[in-house]
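Novice: Spelled out, the chains give:
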Amino acid sequence: MLSEKHLSLLIDNLIWIILVVVFIFFVTQSEHFLTERNISNILTAAAVLGVLVVGQTFVLISGNFDLSTESTLGLGALLGLWLIVPAAAPTFGGGIFLNPFLAIGAVLLTGAAIGYAVGCLITFGRMHNFIVTLAVLLIIRGFILAFSEGAPVNGFNNPSADIFYWLGHKKAFFIPGIGNITVAVVATGLLFLVSHFILKHHKFGRELYAIGGNRKAAEQLGINANRRIRQVYMISGLLAAFAGWMLAGRVVSIQSNLGEGFIFTVFAGAVIGGVSLQGGRGTMLGALGGVLLLSTIDRGLNLMHVSVFWVKVIQGLIILVAMFLDAQRVRLRELSMSLSNETFEKKVGPKDEV
Amino acid sequence: MNYLEMKNITKNFGAINALQGVDFSIKAGEAVGLMGDNGAGKSTLMKIIAGNLRPSSGEVSVQGKEAIFSSPLDARRLGIEIVYQDLALCDNLTAAANVFLGRELRSGFGIIHRLKHKAMNERAAELFKELKSETRPKDLVEAMSGGQRQAVALARTRLSDPKLVLLDEPTAAISVRQVSEVLARIAHLRDTGHAVILVSHRMGDVFQVCDRVAVLRRGRKIADKPIGQSSPEEVTGLITGALEAV
Numbered sequence: 001m002l003s004e005k006h007l008s009l010l011i012d013n014l015i016w017i018i019l020v021v022v023f024i025f026f027v028t029q030s031e032h033f034l035t036e037r038n039i040s041n042i043l044t045a046a047a048v049l050g051v052l053v054v055g056q057t058f059v060l061i062s063g064n065f066d067l068s069t070e071s072t073l074g075l076g077a078l079l080g081l082w083l084i085v086p087a088a089a090p091t092f093g094g095g096i097f098l099n100p101f102l103a104i105g106a107v108l109l110t111g112a113a114i115g116y117a118v119g120c121l122i123t124f125g126r127m128h129n130f131i132v133t134l135a136v137l138l139i140i141r142g143f144i145l146a147f148s149e150g151a152p153v154n155g156f157n158n159p160s161a162d163i164f165y166w167l168g169h170k171k172a173f174f175i176p177g178i179g180n181i182t183v184a185v186v187a188t189g190l191l192f193l194v195s196h197f198i199l200k201h202h203k204f205g206r207e208l209y210a211i212g213g214n215r216k217a218a219e220q221l222g223i224n225a226n227r228r229i230r231q232v233y234m235i236s237g238l239l240a241a242f243a244g245w246m247l248a249g250r251v252v253s254i255q256s257n258l259g260e261g262f263i264f265t266v267f268a269g270a271v272i273g274g275v276s277l278q279g280g281r282g283t284m285l286g287a288l289g290g291v292l293l294l295s296t297i298d299r300g301l302n303l304m305h306v307s308v309f310w311v312k313v314i315q316g317l318i319i320l321v322a323m324f325l326d327a328q329r330v331r332l333r334e335l336s337m338s339l340s341n342e343t344f345e346k347k348v349g350p351k352d353e354v
Numbered sequence: 001m002n003y004l005e006m007k008n009i010t011k012n013f014g015a016i017n018a019l020q021g022v023d024f025s026i027k028a029g030e031a032v033g034l035m036g037d038n039g040a041g042k043s044t045l046m047k048i049i050a051g052n053l054r055p056s057s058g059e060v061s062v063q064g065k066e067a068i069f070s071s072p073l074d075a076r077r078l079g080i081e082i083v084y085q086d087l088a089l090c091d092n093l094t095a096a097a098n099v100f101l102g103r104e105l106r107s108g109f110g111i112i113h114r115l116k117h118k119a120m121n122e123r124a125a126e127l128f129k130e131l132k133s134e135t136r137p138k139d140l141v142e143a144m145s146g147g148q149r150q151a152v153a154l155a156r157t158r159l160s161d162p163k164l165v166l167l168d169e170p171t172a173a174i175s176v177r178q179v180s181e182v183l184a185r186i187a188h189l190r191d192t193g194h195a196v197i198l199v200s201h202r203m204g205d206v207f208q209v210c211d212r213v214a215v216l217r218r219g220r221k222i223a224d225k226p227i228g229q230s231s232p233e234e235v236t237g238l239i240t241g242a243l244e245a246v
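Order-wise, the sequence lines are chains A and B.
For the first sequence, the residue numbers in the working numbering are 1 to 354.
For the second sequence, the residue numbers in the working numbering are 1 to 246.
Be aware that one or more of the hints could be misleading.
Below, simulated DSS-like cross-link-like pairs (lysine-lysine); rule was C-alpha separation at most 30 Å, straight line [unchecked claim]:
1) A/LYS203 x B/LYS27
2) B/LYS7 x A/LYS200
3) B/LYS27 x A/LYS171
4) B/LYS129 x A/LYS216
5) B/LYS27 x B/LYS163
6) B/LYS118 x B/LYS129
7) B/LYS27 x A/LYS200
8) A/LYS170 x B/LYS116
9) B/LYS132 x B/LYS116
10) A/LYS203 x B/LYS163
11) A/LYS216 x B/LYS225
12) A/LYS203 x B/LYS7
13) B/LYS27 x A/LYS312
14) B/LYS7 x B/LYS27
15) B/LYS163 x B/LYS129
Pair ranges (Cβ atoms, derived) [claimed, not checked]:
16) A/GLY125 x B/GLU66: 32 to 42 Å
17) B/PRO226 x A/GLY125: 30 to 40 Å
18) A/ILE11 x B/GLY39: 37 to 47 Å
19) B/GLU59 x A/PHE101: 50 to 60 Å
Hints listed in this document are in silico derivations from the structure and should not be mistaken for laboratory results.
Just so it is clear, CB atoms sit at the ideal spot from N, CA and C, and this is done for glycine as well.
Could you build the full structure based on these sequences and the hints that come with them?
Specialist: Here you go:
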């Protein structure tokens, strides 16, 4: 029987244990898996997902959902390139030729504004976060289709679009045994580090946990929950736009359906990593584990030549497993607590009370 | 001089008049029992004092100066602490995190800071020791008994040295032994110069530790007298309406 300490350690690090097991599995299934090229691909593919999961983790911990980020990602990618490239074929941009840095600024500002607007609808409008973000997801996607008339925007051989390729594609440095590390991977890694610090060591993070755990109590103690919720949605929108910038740098052509369906993978990544859908629980490092696991599985199945249709089935099953684990985590916590109480009473006798 | 003075306090929630023209005051070193049936307005009055609600009309003054609370933080700054009936605890946080919630110890400047976990854990441990509780600062609150949870809520009030402590039904969900310890603590607060407002349905508790009893019924204060000049029977009659205002 596991001790309380060991069980607690197991629960907290389950994602990393699963990641190692899955990694070893794929190593045995394909000779191309444990190569620098493949590891680099896993990390690069994880970067965009990772950025979205960071934003979603902040929102989930505050006790909310944000379904709109996949559309904001698509809008960010499309808008950014559209502002830069010529209107004529083959780029089909806006012909505005905006300075690339200003274009990126506009993209990030748009993402933040969308997020803030969502937060305002939820707090001032007192509307349910699930419905609001679902509606915004549809509205933005519809806007993208109407605006682009279904046509892609391309950055073919356009030097102005290099700012996208810099973030999405450019190699930052090389690590032996791991491979090329792109700017995107570095940026996402730094983002996870900073976000982890904010959640664990900053008042902002502490207040998010409190709001997600017991919003009423948080407000009774003077925490402005509505303001924090607007802020997390703004962060989520900003990061979605940033992910759009990153993704635009990896694909040559921005289709109007870019990012469609991605939101499920984002939720899966967060939940698999231990972030609770009920709010107030989870860590950024756990979410990172979830992102790496999903990316590893995706690449592993690809190398095993598993049909894309079955990959969809497997992704759905992963989401189910993630939800199952989230539901069971409560039971595992209770088991851990009961072991803790037993150990505590053995040390000091029955719990003394106030 | 009264530490807290409330004059003609009214609070409306739409068409509901939760408080109507209530006057209330308390001095340092005084314990007042606030009693009344459900819906009488006790919690509303407490929330106004604690800064969670603003009165629709009326004046609140602390130590002779007008006080307008836009949030509980304003009330705390003036030395008012409250222990809520539901204790206002976040189960997903540790005991120490709950104690310091809203006023975390930080190192740094402004937005660039870092929480001082070690210092908060150590201070929380000291507070639990003073309260004679075995609560451990790093334990999650969800794993705690009712008495331990109350220790966490009480420890909050000792972070600063409050002038006025509000206790909303502090003995409602604890054992007999724990009740006597809580009452002893209330008496100690009073005897050391703190003002205490005790909201309770338990007549025995109020008559044991309080100097005065105030009774609310349907949003109005219908009695406010020294404990020695009243009795549990009289207070019961006032609460139920069997007796009119005295």
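Novice: Run the distance test for B/LYS163 versus B/LYS129: straight-line Cα separation, threshold 30 Å.
Specialist: Holds - the C-alpha atoms of B/LYS129 and B/LYS163 are around 22 Å apart, at most 30 Å.
Novice: Take a quick look at whether A/LYS203 and B/LYS27 sit within 30 Å of each other, Cα to Cα.
Specialist: Roughly 35 Å between the alpha carbons, so the hint for A/LYS203 and B/LYS27 is violated.
Novice: Per the hint of 50 to 60 Å, is the separation of the Cβ atoms of B/GLU59 and A/PHE101 within bounds?
Specialist: Between B/GLU59 and A/PHE101, where Cβ atoms are some 56 Å apart, the hint holds.
Novice: Hint check: B/LYS132 vs B/LYS116, CA-CA at most 30 Å. Holds or violated?
Specialist: 24 Å, holds
Novice: Between B/LYS129 and A/LYS216, is the straight-line Cα distance small enough, at 30 Å or below?
Specialist: 28 Å, holds
Novice: Take the C-alpha atoms of A/LYS216 and B/LYS225, compute the straight-line distance between them, and say whether it is at most 30 Å.
Specialist: With a Cα-Cα distance of about 34 Å, the restraint between A/LYS216 and B/LYS225 is violated, given a limit of 30 Å.
Novice: Quickly compare the C-alpha distance for B/LYS27 and B/LYS163 to 30 Å and report which way the hint goes.
Specialist: Since the Cα atoms of B/LYS27 and B/LYS163 sit roughly 10 Å apart, the hinted pair holds (cutoff 30 Å).
Novice: Does A/LYS200 sit within 30 Å of B/LYS7, going by the straight-line distance between their CA atoms?
Specialist: Violated - the C-alpha atoms of A/LYS200 and B/LYS7 are around 45 Å apart, more than 30 Å.
Novice: Assess, step by step, whether the Cα of B/LYS118 is no farther than 30 Å from the Cα of B/LYS129, and give holds or violated.
Specialist: 17 Å, holds
Novice: Taking 30 Å as the top limit, are the C-alpha atoms of B/LYS7 and B/LYS27 close enough?
Specialist: At roughly 15 Å apart (the allowed maximum being 30 Å), B/LYS27 and B/LYS7 satisfy the hint.
Novice: A/LYS203 and B/LYS163: Cα distance at most 30 Å?
Specialist: Given pair A/LYS203, B/LYS163 holds - Cα atoms ~27 Å apart, limit 30 Å.
Novice: Please verify whether B/LYS27 and A/LYS171 have alpha carbons no more than 30 Å apart.
Specialist: Roughly 71 Å between the alpha carbons, so the hint for B/LYS27 and A/LYS171 is violated.
Of the numbered hints stated above, those contradicted by the structure are hints 1, 2, 3, 7, 8, 11, 12, 13, 17, listed in ascending order.
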